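> For reference, the chains in residue letters:
Number of protein chains: 2
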Amino acid sequence: MQVSEMNTERAGGGATVRRLRADQARRVADILRHQIRAGTVGETLPGEQELAAEHRTSRNTIREALTLLRDEGLIDRAPRAGTRVAARKFDHGLDALLGLQETLEGRGTVRNEVRAAQRITAPAVVARRLGLAPGEQVVYLERLRYLGDQPLSLDLTYLAPEIGARVLAHDLAHTDVFVLLEQLSGQSLGSADLAVEAIPADRHTAATLDVPDSAPLLMLERLTRLDDGTPVDLEYIRMRGDRITLRGSLSRAIPEWKVL
Amino acid sequence: MQVSEMNTERAGGGATVRRLRADQARRVADILRHQIRAGTVGETLPGEQELAAEHRTSRNTIREALTLLRDEGLIDRAPRAGTRVAARKFDHGLDALLGLQETLEGRGTVRNEVRAAQRITAPAVVARRLGLAPGEQVVYLERLRYLGDQPLSLDLTYLAPEIGARVLAHDLAHTDVFVLLEQLSGQSLGSADLAVEAIPADRHTAATLDVPDSAPLLMLERLTRLDDGTPVDLEYIRMRGDRITLRGSLSRAIPEWKVL
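Keeping their order, the protein sequence lines are chains R and U.
Numbered per UniProt numbering, the first sequence spans residues 1 to 260.
Numbered per UniProt numbering, the second sequence spans residues 1 to 260.
If you're looking for bench data, these hints aren't it; they were derived computationally from the structure.
It is possible that part of the hints are untrue.
Stretch by stretch, here's where chain U covers chain R in the computed footprint (C-beta under 8 Å, at least three residues) [claimed, not checked]:
1) 47-60
2) 92-106
3) 182-191
4) 194-208
Here the structure is a predicted model, which means the values were calculated and not measured.
A virtual CB, placed ideally from N, CA and C, is assigned to each residue, including glycine.
The whole structure should be built from the sequences, with the hints applied where relevant.
This is the structure:
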C-alpha cells in the first residue's frame, strides 16, 4: 500500500483537492527539475508509478508535475517511449568571473555572431559607470552567442574607449572579451558588480534568441573592473532561461575582499 | 541637430530599418531598466525628446524602448502625465547568505503565509542532499512570503529532521528560517550552494504569486549548511521576476573559502 502523507485524493472538496494536488505537483516538479538540471537522471525518467512511490503521492499528481515540466520545455512525453529529457542546460559559474567560452570549456565551441562593433557616444549613465566624462566615446559590441548551433545569449557590451578600440581589432567571433581585456591590458580582471533578473523576452529578442515570445530570460547587468580597479566593461547579457543555470556558493559572512 | 550615430531612419529597406530600430530600442531599454532598478531616476522619466538626445537616437526608437519597459510592467505611460515608474524592485543580496527578512531590513515587514509545516518522508534526492538515510523523515515548509501586501516569493523548504522539528515549534509567520536555524543550533550558518534559473510561472503558481500566467520567475535552489558543514536546509524559492533583483559581486579568482 502506498503511503500518502500528502495524498490529495483523501482531502475533501473539489477546489481544495485541486489546490492541494497542484501544490504537491509543484513540489515534485521542483525536485525533478533539479535532478534533470544536475544530470542525476538519465535520458528517460522513471515511470509514473515509480515516481509516485518515490514522492509518496498519487499518479495523478505525478502526471500534473510532468505536465509542468513539459510546459517548460524540459521533457517530452510519448505514450510508449515514456518521459524523456528534452533539453539539457548549461551551468554558468557564479563563483568566479568567467567569460562564456571559459565557463563552457569542454561543452562545445562558443561562436559569436557580431551584430555591432563600433564607437558610439556614451549615454550619460554608461559614461558614469565607466568613470568617463559625459559625451566621451565608448566601444559598443552586440554579440549573439552560440554553443554549437544553439543561441545561448545576447550580449550588449560597452567598453572603455582606449582598450575598447584595441579590442575592435581582434577576432570577436571566437574570443571572449574577458580574455582580450586581460591580454590587452596586461592585467588580470579584478572584480565585477552583478545584478540578475528574470525578464520576459520581447518579440524582437525572442526572434533573435529563437525562443517563444515572453519566454523567461536571465538578464545580467555586469560592470567589470581591471585588477587595479579601473572599470572597463559594462554589459547587459540576456541568457535563455531554458538553457542556462547560474550556479555558485555563498557564505553567511560577507567575504573579506567584498568588504574592502 | 541631433547626432544619430545609429539612426535607423537613415538605413535603407523597411525590414532592416525595423530590425535596427528594434536593436536600438533594446539597447536603450536596457540602460533605462537598470536606472529604474537602481533608483537613479525619479518617479517620472525624462521626456521623449530628452531621452532621444541622451541616447542619440530618434523619438520613434525611444517610444519603442518605452513600450518594451511598459510591457514588462516597469513603467506607465499617460498622454499628459508622461512616463512614470510603476514598480520598484527590491534587491536581494548575492554576496552573503541572508534570509528574506534580513535582506529587506528597513524596506518593510516580511510576513509569511505558512501553507504547509509538517513532517514528511524525504524523497530520495532530498534525503541524499541533506545527508540522510533513504526514507528518513524531514520537515517540509511551504511559505508564501509578503513584503507589506505584496507576495514576493514562494518558498518550499526541506529541513533536517532534528532541527526541523524544533523549527516547527516557532513562529514561522514572522521569523526567517535562517535566524531560527542559528538560534536552535547554537551555530552560525556556514555556506550554501545556489542555482539560479529563470522559469515561467505555471498557472497555479501564477495565481499564488499574483502574477500573469507564464510570468518570468527567478527560481533559486539553495542547500544551506551549518558552520560545521552539516547540511540542514534545502530550498526551492520562486521569486517574482518583476519584484526582485539579485545583486552581488564577483572576483576573477575563485575566493579561497570556495576552493577549500
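> In terms of beta carbon proximity below 8 Å, does the stretch 92-106 of chain R have 3 or more residues touching chain U?
holds (count 4)
> Taking 8 Å as the C-beta cutoff, is the stated coverage of the stretch 47-60 of chain R by chain U satisfied by three or more residues?
holds (count 3)
> Given that the stretch 182-191 of chain R was listed as covered by chain U, double-check it with a C-beta distance under 8 Å for 3 or more residues.
holds (count 4)
> Mind checking, does the stretch 194-208 of chain R have 3 or more residues with a CB under 8 Å from chain U?
As far as the stretch 194-208 of chain R goes, the hint holds, because 10 residues have Cβ atoms under 8 Å from chain U.
Of the numbered hints given earlier, the model fails none.
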